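All chains should be modelled from the sequences, with the hints used to inform the complete structure.
Just so you know, the protein sequences line up as chains Y and Z, in that order.
Quick note on numbering: the working numbering labels position 25 of the first sequence as 60, and the sequence is numbered without any gaps.
Quick note on numbering: the working numbering labels position 253 of the second sequence as 331, and the sequence is numbered without any gaps.
FYI, nobody ran anything at the bench for these hints, they're computed from the structure.
Computed from a predicted structure; not experimentally measured.
Any given hint could turn out to be false.
Here are a few chain Z residues that face chain Y, going by a calculated C-beta distance under 10 Å [unchecked claim]:
| id | residue |
| --- | --- |
| 1 | GLU306 |
| 2 | ARG309 |
| 3 | PRO329 |
| 4 | VAL331 |
| 5 | VAL333 |
| 6 | LEU405 |
| 7 | LEU455 |
Glycine included, C-beta positions come from ideal geometry on N, C-alpha and C.
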Amino acid sequence: MLAYIGRRVLIMIPTLILISIVTFAILQLPPGDYLTSYAAQLRAMGEQVDDEALESLRERYGMGQPVYIQYGKWMWGIITRGDWGQSMEWQRPVSELIWEKLGLTVALAVFSMLISWLIAIPMGVYSATHQYSLPDYLMSTFSFLGVGVPAFLWALIIMYFAQSQLGLNVGGLFSEKYLNAPWSWDKVWDMFKHLWIPALIVAIENTAGELRTTRANLLDEVNKPYVELARAKGLSEGRLIWKYPVRVALNPFFSTVGWSLANRISSITLMSIVLSLQTTGPMQLRALTSQDMYLAGAVLLLLSALTVIGTLISDILLAWVDPRIRLEG
Amino acid sequence: MAESERALQVDARPDVEEEILLEAGATTSMGEEVYVAPPWKLMWWRFRKHKMALVSGVVLIILYFIALCCEFVAPYEPNEASIRFKQVPPTAIHIRDAEGQFHWPFIYQHDRSMDPESFLITYVEDTTIRYPIRLLVRGFEYKWLGRLTSDLHLFGLHPDAADKQGLFLLGTDRLGRDMFARVCYGARISLSMGLVSVFMSLVLGVLLGGVSGYFGGKIDAIIQRVIEFVRTIPTIPLYMTLSAALPMDWPVVRVYFGLTMILALVGWTWMARVVRGRFLAMREEDFVLAARLNGSSEMRIILRHMLPSFLSYIIAQLTLNIPNMILWETGLSFIGLGLRAPAISWGVLLQEAMNLRSLVLAPWVLVPGIAVVLSVLAFNFVGDGLRDAADPYAR
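The following block contains the structure:
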């Protein structure tokens with residue numbers, strides 16, 4: 036098992052390097068850089084632009100150099116010092132800005148995944164064992180709603196009802212009191228009180244697929260001879276379903292943790308922009324529009340790394356629940 | 079030739095035959111018809127059974143008609159702002175007047191008044207003045223698809239009523255622009271964007287997926303790794319980064335095609351997986367072997383024998399991919415990184431809803447969202463139906 040995990044970790048490394056190269060290349064695509072757009076902004080506001088100061092800033096961020104040298108420096112900083120470069124807009128190191136937001140993105144993703152599983156597994160099993168019943172149809176309808184209505188639209192709808200009916204502002208992840216407070220248990224509790232609505236929104240969008248997968252897989256499974264045999268031996272129906280076919284039917288859940296995580300990150304990004312949550316979404320949008328490239332690059336790279344890690348976790352989970360894979364690998 | 083091969087397959091599976099007979103609601107005379115029915119007919123019979131797919135198909139036809147003829151369907155110019163009709167709620171259509179008399183559908187004159195304390199504007203119906211809704215009226219002049227000049231519109235009020243009262247089926251926005259007209263124009267960009275980007279992903283997907291599945295081996299392994307790699311990067315953050323790279327000063331048309339390219343960049347991986355899977359399955363089929371023994375060239379085998387038999391799968395997969403494209407475009411334009419005003423797409427229109435005040439005062443700015451949901455669901459149902467019908471010989 037350890038060897039299996041070790042091999043998986045080794046495979047991750049080239050993927051991450053490739054992602055970092057692609058990320059950096061994309062960020063070089065737009066014409067101009069942060070300083071040119073910054074200067075243009077200053078001029079638009081009618082302020083004097085000090086060319087010399089700009090030049091010295093350009094020097095400092097290493098912008099005049101060839102791309103591969105910039106990339107090399109960036110990578111070297113990350114690997115040796117954990118230095119993700121300077122955010123030009125915030126005038127602070129990227130690493131100071133990013134970890135808390137990334138943590139919230141992860142918390143939201145994991146939380147929503149737990150909610151999805153809590154919904155999808157029992158509902159999927161019920162749907163499959165009571166095929167063509169009323170709840171089965173209701174669940175199909177529910178899952179189509181999830182497919183059709185994207186998370187950011189749910190966010191808008193909820194924002195509307197909260198504001199117009201309850202007079203609540205659902206934006207943000209913290210109460211005002213804790214917004215700039217250091218982390219404490221009270222703050223974590225406060226966050227959870229705000230977290231469940233966005234987590235539920237993300238879960239709605241992403242549960243539908245999982246619900247349908249559970250149902251379809253279980254339907255395939257329950258007609259197999261071993262189920263018949265277990266039934267013939269007199270096993271109670273509940274025990275029979277949950278102990279054997281469900282376990283097999285859940286395999287795809289584990290194998291798709293990585294993709295599911297990637298999808299959730301997408302939903303969270305858009306939704307956070309609507310609800311102005313303190314996740315990576317709004318920060319990335321802002322960094323992109325102001326061409327704050329080290330910040331934007333770090334966000335994209337780290338989000339991709341999350342997916343890679345998610346895939347690793349799903350490989351490990353799968354090997355753990357399914358001995359066939361472990362032995363083969 | 080492909081059809082006779084299919085007939086052989088059917089003969090080999092009597093149970094399938096019966097099923098098709100049952101599906102077609104067969105009597106003995108129908109039975110004859112099933113034996114000789116070409117594949118597309120069998121597919122249609124099967125598709126027809128999926129009622130939701132059928133309904134959704136009709137919905138899609140209507141939506142695409144609106145997209146194609148948005149100038150004709152929209153009663154007002156989408157960019158025509160009028161401060162007098164600011165944030166008007168959707169106009170109620172009546173068929174019965176205050177005295178209980180029935181009429182051809184009409185609307186009442188709306189009087190605008192401002193609350194002296196809250197400064198909120200309200201519109202009250204004045205039941206003494208009626209405006210009948212007329213079909214095929216003259217309105218603003220347009221060039222249909224840039225060619226045909228006309229001023230004919232599907233419906234509207236009499237041109238004389240234009241500056242007194244408007245017919246706003248879905249209300250108006252903050253600047254007094256007709257939401258219905260804007261949603262119609264938005265349909266043209268949003269719905270066509272779905273088709274164009276899916277088509278681009280199809281070209282890439284069929285090419286790479288086909289190569290991957292047909293040749294196998296090392297090429298297959300490389301392409302599979304590339305697909306996994308592309309899918310590792312979370313889609314929306316990747317799209318955001320890519321579309322932020324589109325220069326701000328590009329004209330709308332260029333941004334449009336730039337966006338479709340970006341969407342296709344990830345979309346092709348789904349197509350490629352399906353195509354590869356079909357190729358792998360088909361490579362082992364007897365009729366491919368037969369064609370090869372007959373001395374057909376590889377190209378001929380692919381185009382003449384393999385392509386027709388998995389075309390239906392591709393079409394089903396395409397249909398299921400379009401909603402993703404629509405959702406992605408909407409999401410990107412919505413946060414300001416896709417198309418930008420003055421271009422009108424559903425995502426651009428939804429930006430209005432980001433303004434909390436606007437959203438609360440005029441909740442109908444969410445209507446473009448309903449249009450998105452409607453088209454996404456319709457494509458999903460039709461795709462489901464097509465997938466079930468894709469292989470009419472399977473059980």
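Verification of the hints:
{"no.": "1", "hint": "GLU306", "result": "8 Å, holds"}
{"no.": "2", "hint": "ARG309", "result": "7 Å, holds"}
{"no.": "3", "hint": "PRO329", "result": "16 Å, violated"}
{"no.": "4", "hint": "VAL331", "result": "19 Å, violated"}
{"no.": "5", "hint": "VAL333", "result": "13 Å, violated"}
{"no.": "6", "hint": "LEU405", "result": "5 Å, holds"}
{"no.": "7", "hint": "LEU455", "result": "4 Å, holds"}
Taken one by one, the earlier hints fail for this structure at numbers 3, 4 and 5, listed in ascending order.
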